[in-house]
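Asker: Sequence:
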Amino acid sequence: MLLTSRIVRAARPRERRYVLADEHGMSLHVMPRGSKWWRFRYRFQHAERMISLGVYPGVNLATARLLHADARGLLARAIDPSADRKEKRAASAHTFEVVARQWLKLLQPRVAKGQLAADTVKDATRILERDIFPALGAHPISDIKAHELLMVLKQIELKGLRHTARRAKQRCSRVFRHAIGLGYVERDITEDLRGLLEPPQVRHRPGITDPARLVELLRAIDGYTGREVIGIALKLALLFFVRPGELRKARWRQFDLPAAQWRIPAECMKARVQHLVPLSRQALELLLKLRTISGDGEYVFPLLRDPARPLHGAALGGALGSLGFDSTEVTPHGFRATACTLLNELGWRSEAIERQMAHGVSDSIRRHYNYAQHLPERRVMMQAWADYLDGLRTSGSTGKVGSLRERNNRFQQRTLASPQEPPLE
6 MLLTSRIVRA ARPRERRYVL ADEHGMSLHV MPRGSKWWRF RYRFQHAERM
56 ISLGVYPGVN LATARLLHAD ARGLLARAID PSADRKEKRA ASAHTFEVVA
106 RQWLKLLQPR VAKGQLAADT VKDATRILER DIFPALGAHP ISDIKAHELL
156 MVLKQIELKG LRHTARRAKQ RCSRVFRHAI GLGYVERDIT EDLRGLLEPP
206 QVRHRPGITD PARLVELLRA IDGYTGREVI GIALKLALLF FVRPGELRKA
256 RWRQFDLPAA QWRIPAECMK ARVQHLVPLS RQALELLLKL RTISGDGEYV
306 FPLLRDPARP LHGAALGGAL GSLGFDSTEV TPHGFRATAC TLLNELGWRS
356 EAIERQMAHG VSDSIRRHYN YAQHLPERRV MMQAWADYLD GLRTSGSTGK
406 VGSLRERNNR FQQRTLASPQ EPPLE
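Each residue of the sequence shown is one higher than the one before, starting from 6 at the first, in the working numbering.
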């Protein structure tokens, strides 16, 4: 006789467990302590097996029969209901957030070894936590479809954050590739999104390229009355023309003052290749002065309230603003445009300028990249650039351009026929 809701409700516990049968292997098991369990007994590949369908009254008779019908449907397709349940349970445990945090955790040893910048991991964590986890974090990673991820990325784009949307896609790709290695998914679904995101907006980072206006900037920096470390950082930013983040996060251990060089590790560079900055006489003087200020700390430009951390990203831009230079005219990153434009006008070879700016390092040449390429010429160029800025600062005249061109021409005549300085080890 088939079970009814009344029979199920009226079933009372006994001294021992007993079973009330329904049909096709479904039954209700009444336990001595009063709990009532729905069970389904079946045969699969000549072996008898049993799975639970839930506990009464949380799962009533009608619901239990639906679950029973689903299980029998799996059997009809030669699928073991027990194995199917285990797979789904495992998939639900492998949510996107769980897998992503596993991947982030695996990056920590690389950070500890100096193979990966800590800020890179922080940026990836921030993007995933802010933009991806709220929408897809709780979803089993194997269930996420390309169009679902695209919708999330498009929401980021709608905020005007095209570059962030692309970075989020890149981070998701790394998570899916990690999941492939673990057997959670079979492919990286971000490959289906190629060409579907808007190209990033090119950010204009203005720089002063008029020597007369540069004179005003140099003299304004000389008169900066804020924190001395920031004033020196502005001067060195012009002398080095590296990216602001590379300058702010410079560590003393990267500098070889006797050899007059700053070796920036690959993990600190945008292109992830080592970079060498020859130090001019003026730069050395400023660094020695900084050494007396920052003492034995790790960072060349330490944060005032927490010397164990570098200057904030807005520090240099804020200092320029306090000097009356709006961000529409010049930014710390714009110092690179200043140096690039004027060095070209001074007659220096574009190959040396581009190498000193760490430009043009593509994936295809990264492995064979020679960070010491054109180094003799770059040493002379960096000193000439520092002298040029001194000339502008002190005399306000741009008449020194001719003499610098002559110096460059003499250098090229002297060195082009001789072999390049070998790479530094």
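Please note that a few of the clues may not be correct.
[What the hints assert, rightly or not] Each pair of labels, with its calculated beta carbon distance range:
(1) L163 x E53: 48 to 58 Å
(2) R192 x R135: 47 to 57 Å
(3) L7 x G39: 48 to 58 Å
(4) R192 x L80: 49 to 59 Å
(5) I298 x P270: 20 to 30 Å
(6) S355 x I298: 31 to 41 Å
(7) R90 x S332: 57 to 67 Å
(8) A83 x R19: 36 to 46 Å
(9) S40 x K127: 43 to 53 Å
(10) G329 x L201: 13 to 23 Å
(11) G300 x G119: 48 to 58 Å
(12) A98 x S332: 24 to 34 Å
(13) E303 x L111: 24 to 34 Å
[What the hints assert, rightly or not] With a cut-off of at most 30 Å between alpha-carbon atoms, the simulated DSS-like pairs for lysine-lysine come out as follows:
(14) K159 x K91
(15) K110 x K41
(16) K110 x K93
(17) K275 x K159
No lab work stands behind these hints: they were computed from the structure. Only a predicted model underlies this, so the values are computations on that prediction, with no experimental measurement involved. The beta-carbon is built from N, C-alpha and C at its ideal position, and this holds for glycine as well.
Asker: If you check each hint against the structure, which ones fail?
Answerer: 2, 3, 4, 10, 11, 12, 14, 15
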